[in-house]
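*Asks:* Protein chains in written order, with this note's numbering: chain Z, 1 to 99; chain L, 100 to 198; chain F, 199 to 297; chain V, 298 to 396; chain W, 397 to 495.
Bear in mind the hints are in silico, worked out from the structure with no lab data behind them.
Owing to the predicted nature of the structure, the values given are computational and were not obtained by experimental measurement.
Worth double-checking, as some hints may not be accurate.
[Stated by the list, open to error] Sample of chain F residues with no beta-carbon within 10 angstroms of chain W, all distances over it, derived:
| hint | residue |
| --- | --- |
| 1 | Thr230 |
| 2 | Val245 |
| 3 | Trp265 |
| 4 | Asp269 |
| 5 | Asp284 |
| 6 | Val287 |
| 7 | Pro288 |
| 8 | Leu289 |
| 9 | Asp290 |
| 10 | Glu291 |
| 11 | Glu294 |
| 12 | Ala295 |
[What the hints assert, rightly or not] 25 angstroms max Cα-Cα, derived SDA-like pairs, lysine to any residue:
| hint | chain 1 | residue 1 | chain 2 | residue 2 |
| --- | --- | --- | --- | --- |
| 13 | L | Lys122 | F | Ile285 |
| 14 | L | Lys134 | L | Val146 |
| 15 | L | Lys113 | F | Tyr232 |
| 16 | F | Lys233 | L | Asn138 |
| 17 | V | Lys320 | V | Tyr331 |
| 18 | L | Lys183 | L | Gly149 |
| 19 | L | Lys122 | F | Val287 |
| 20 | V | Lys381 | Z | Glu95 |
| 21 | V | Lys315 | W | Glu413 |
| 22 | F | Lys268 | L | Leu118 |
| 23 | Z | Lys35 | V | Lys311 |
| 24 | F | Lys216 | W | Gly417 |
| 25 | Z | Lys18 | L | Trp166 |
| 26 | W | Lys480 | W | Asp429 |
| 27 | W | Lys419 | V | Glu350 |
| 28 | Z | Lys18 | L | Lys169 |
| 29 | W | Lys480 | W | Gly448 |
| 30 | Z | Lys35 | Z | Gly52 |
| 31 | F | Lys282 | L | Arg127 |
| 32 | Z | Lys70 | V | Tyr331 |
| 33 | V | Lys315 | V | Gly345 |
| 34 | W | Lys431 | F | Leu235 |
| 35 | L | Lys183 | F | Glu293 |
| 36 | V | Lys381 | Z | Glu17 |
| 37 | W | Lys410 | V | Asp368 |
| 38 | F | Lys216 | W | Val437 |
| 39 | W | Lys466 | F | Val239 |
| 40 | L | Lys183 | Z | Glu17 |
Heads up, the beta-carbon is just placed ideally off N, CA and C, and yes, glycines get one too.
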Amino acid sequence: MLLGRVIGTVWATKKDEKLEGMKFLIVRAVDTDYKPLANFVVAVDSVGAGAGEIVLIAQGSSGRLTWLTKDKPVDAVIMAIVDKLDIEVPLDEWEEALQ
Amino acid sequence: MLLGRVIGTVWATKKDEKLEGMKFLIVRAVDTDYKPLANFVVAVDSVGAGAGEIVLIAQGSSGRLTWLTKDKPVDAVIMAIVDKLDIEVPLDEWEEALQ
Amino acid sequence: MLLGRVIGTVWATKKDEKLEGMKFLIVRAVDTDYKPLANFVVAVDSVGAGAGEIVLIAQGSSGRLTWLTKDKPVDAVIMAIVDKLDIEVPLDEWEEALQ
Amino acid sequence: MLLGRVIGTVWATKKDEKLEGMKFLIVRAVDTDYKPLANFVVAVDSVGAGAGEIVLIAQGSSGRLTWLTKDKPVDAVIMAIVDKLDIEVPLDEWEEALQ
Amino acid sequence: MLLGRVIGTVWATKKDEKLEGMKFLIVRAVDTDYKPLANFVVAVDSVGAGAGEIVLIAQGSSGRLTWLTKDKPVDAVIMAIVDKLDIEVPLDEWEEALQ
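Using the sequences provided together with the hints, build the complete structure.
*Replies:* Below, the structure written as structure tokens:
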């Protein structure tokens, strides 16, 4: 799954009829410190995520396995809202141990 | 889904017979300011998108779940035309808050 | 779909038995001016493409939806030979309009 | 499969109901010397992997083929814990042989 | 398909039970001169490939369509051993023709 932060919403009137009522959110990828990365995706929201929240996104055919997205032409879905991350192997300790 | 802008059309006479009548559009990826990114894809149009319009593209097996692309050998479909984006977490504010 | 140019052929005697008789072509990705990009893929040819031709490639499970590749262990298929591209939003005009 | 190292855990209370009880681990990609690479993924653990361990991850629809992840909206699963790698063609010897 | 060279083996005792008996090989991507590229994948061997050999890899759901990998949680399979490549459009000639 991709870790990201909800930064906005896409409005689209003209769309495949199977997509009526879905909310398309813009999610920017983040690192494990929640700092923004370069890439972003547009994902359907299946869990009531709001702007600013950190979320998990399932992509590809797995993006169609929520109650909301079954058999729909969407390739990314928000399937969890992240409370927190526990980092047990910090990158600086790891790199130090390599030296 | 990928956010992009329709920049042109592909003409192909010799193709898999299941693709007859489909329109193949060239879509360049854009950022959330609609500025062009480096990558582009060729996608089947299922919603009547025109040159210059901002669209959403579903890729992979999800690209075959519109009425037009079912069971066809295509891996990208335009399934929505974007009216506008609401950006609630602008990147500059986000980066400022990190400092 | 990926836009590319056929640059060669792969010969492989020892292979999965379901692949007998298939032609594996090397296709380098191109930009919209047909200039070579860095990446390339090996794809099964389902339309009689020849060296030097510009083609479209469907990847992933969509690569198995031609008459030739059904249920085969291949993840990329040439499903169209490109006659020409019509570019209606040239990149230089687009970038100029942004200034 | 992706080779990576488990570096932490994601906590998410609000999620798709089919995901109850699953453990979401953060896995950073590594090279063949187990040095950290830039990218990471969040993957469901199906084999009891712990922090610091080197693992293999299956992505996409293949990520749903363990006993735990069947029909679930997840696109990455840890399906093996790595004991060791045998490198028979070291990169430096390969590059030397090219000269 | 991805073109690569077998450089080693992954040993993993603790794994999904459906993976018993499979051989996991480390395959580094190569260019059309067989020079090493930056990326590598771990793939199941279905054709008896050995260290140093040049192979083709099918990824994603297509990686599950060999006799060995059907319904298994693996996303990459070696499905052919490459004898040789015929390059009919060399990159240097192509780039020269563009000038």
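*Asks:* Hint by hint, note whether the structure agrees.
*Replies:* These are the hints, each one checked on the structure:
1. With a least beta-carbon separation of about 14 angstroms from chain W, threonine 230/F lies farther than 10 angstroms from that chain, consistent with its non-interface assignment.
2. No Cβ of chain W approaches the Cβ of valine 245/F within 10 angstroms, the least distance being about 17 angstroms, so the stated non-interface status holds.
3. For tryptophan 265/F, the condition that its CB be more than 10 angstroms from all CB atoms of chain W holds, with the nearest at approximately 16 angstroms.
4. Under the 10 angstroms C-beta cut-off, the non-interface status given to aspartate 269/F relative to chain W is violated; the minimum distance is some 6 angstroms.
5. Annotated as non-interface, aspartate 284/F keeps its C-beta farther than 10 angstroms from every C-beta of chain W; the closest such distance is 21 angstroms.
6. Consistency note on valine 287/F: stated as away from chain W, and its beta-carbon is indeed over 10 angstroms from all of that chain's, at 23 angstroms minimum.
7. Distance to chain W confirms proline 288/F as a non-interface residue, since its nearest Cβ pair spans about 18 angstroms, more than 10 angstroms.
8. With a cut of 10 angstroms on Cβ distances, leucine 289/F stays outside the contact zone with chain W, its closest approach being about 17 angstroms.
9. Every CB of chain W is more than 10 angstroms from the CB of aspartate 290/F (nearest about 18 angstroms), matching its label as outside the interface.
10. Its beta-carbon lying about 22 angstroms from the closest one in chain W, glutamate 291/F satisfies the requirement of being farther than 10 angstroms from that chain.
11. A cut-off of 10 angstroms between C-beta atoms confirms that glutamate 294/F is not in contact with chain W; the least separation is 24 angstroms.
12. For alanine 295/F, the non-interface assignment is confirmed: its Cβ lies about 27 angstroms from the closest Cβ of chain W, beyond the 10 angstroms cut-off.
13. Between lysine 122/L and isoleucine 285/F, the direct Cα distance comes to roughly 14 angstroms. Compliance with the 25 angstroms bound is thereby established for this hinted pair.
14. Restraint check for lysine 134/L and valine 146/L: the C-alpha separation of about 23 angstroms stays at or below 25 angstroms, so the hint holds.
15. Distance restraint check for lysine 113/L and tyrosine 232/F: the Cα-Cα separation of roughly 19 angstroms lies within the 25 angstroms cut-off, and the hinted pair is therefore satisfied.
16. Taking the CA atoms of lysine 233/F and asparagine 138/L, the gap is about 14 angstroms. The hint holds against a cut of 25 angstroms.
17. Restraint check for lysine 320/V and tyrosine 331/V: satisfied, since their Cα atoms lie roughly 23 angstroms apart, inside the 25 angstroms limit.
18. Simply put, lysine 183/L and glycine 149/L have alpha-carbon atoms about 16 angstroms apart, close enough for the 25 angstroms limit, and the pair holds.
19. With a CA separation close to 17 angstroms, the supplied pair lysine 122/L and valine 287/F stays within the 25 angstroms bound.
20. Distance restraint check for lysine 381/V and glutamate 95/Z: the Cα-Cα separation of roughly 20 angstroms lies within the 25 angstroms cut-off, and the hinted pair is therefore satisfied.
21. Restraint check for lysine 315/V and glutamate 413/W: the C-alpha separation of about 23 angstroms stays at or below 25 angstroms, so the hint holds.
22. Distance restraint check for lysine 268/F and leucine 118/L: the Cα-Cα separation of roughly 16 angstroms lies within the 25 angstroms cut-off, and the hinted pair is therefore satisfied.
23. For the given pair, lysine 35/Z sits about 22 angstroms from lysine 311/V by alpha-carbon distance, which is consistent with the 25 angstroms threshold.
24. A hinted pair counts as satisfied when its Cα atoms are at most 25 angstroms apart, and lysine 216/F with glycine 417/W qualifies at roughly 22 angstroms.
25. Annotation: proposed proximity of lysine 18/Z to tryptophan 166/L holds, straight-line Cα distance about 10 angstroms (limit 25 angstroms).
26. Between lysine 480/W and aspartate 429/W the alpha-carbon distance is near 10 angstroms, which keeps this suggested pair within the 25 angstroms criterion.
27. The suggested pairing of lysine 419/W with glutamate 350/V holds, with an alpha-carbon distance near 20 angstroms, which does not exceed 25 angstroms.
28. For the hint pairing lysine 18/Z with lysine 169/L, the CA-to-CA distance comes to about 14 angstroms; that is within 25 angstroms, so the pair holds.
29. Between lysine 480/W and glycine 448/W, the direct Cα distance comes to roughly 14 angstroms. Compliance with the 25 angstroms bound is thereby established for this hinted pair.
30. Using a Cα cut-off of 25 angstroms, the hinted pair lysine 35/Z and glycine 52/Z holds, with the two alpha carbons roughly 12 angstroms apart.
31. Between lysine 282/F and arginine 127/L the alpha-carbon distance is near 17 angstroms, which keeps this suggested pair within the 25 angstroms criterion.
32. Distance restraint check for lysine 70/Z and tyrosine 331/V: the Cα-Cα separation of roughly 38 angstroms exceeds the 25 angstroms cut-off, and the hinted pair is therefore not satisfied.
33. Only pairs whose Cα atoms come within 25 angstroms are accepted, and lysine 315/V paired with glycine 345/V is accepted, the gap being roughly 19 angstroms.
34. At most 25 angstroms may separate the alpha-carbon atoms for a hinted pair to count; lysine 431/W and leucine 235/F meet this at roughly 17 angstroms.
35. Restraint check for lysine 183/L and glutamate 293/F: the C-alpha separation of about 20 angstroms stays at or below 25 angstroms, so the hint holds.
36. The hinted pair formed by lysine 381/V and glutamate 17/Z fails the criterion: a straight-line CA distance of about 51 angstroms is larger than 25 angstroms.
37. Under the criterion of a C-alpha separation no larger than 25 angstroms, the hint pairing lysine 410/W with aspartate 368/V is consistent with the structure, at around 23 angstroms.
38. With a C-alpha separation of about 23 angstroms, the suggested pair lysine 216/F and valine 437/W falls inside the 25 angstroms cut-off, and the hint holds.
39. Of the supplied pair hints, the one linking lysine 466/W and valine 239/F holds, its CA atoms being roughly 24 angstroms apart against a limit of 25 angstroms.
40. A hinted pair counts as satisfied when its Cα atoms are at most 25 angstroms apart, and lysine 183/L with glutamate 17/Z qualifies at roughly 19 angstroms.
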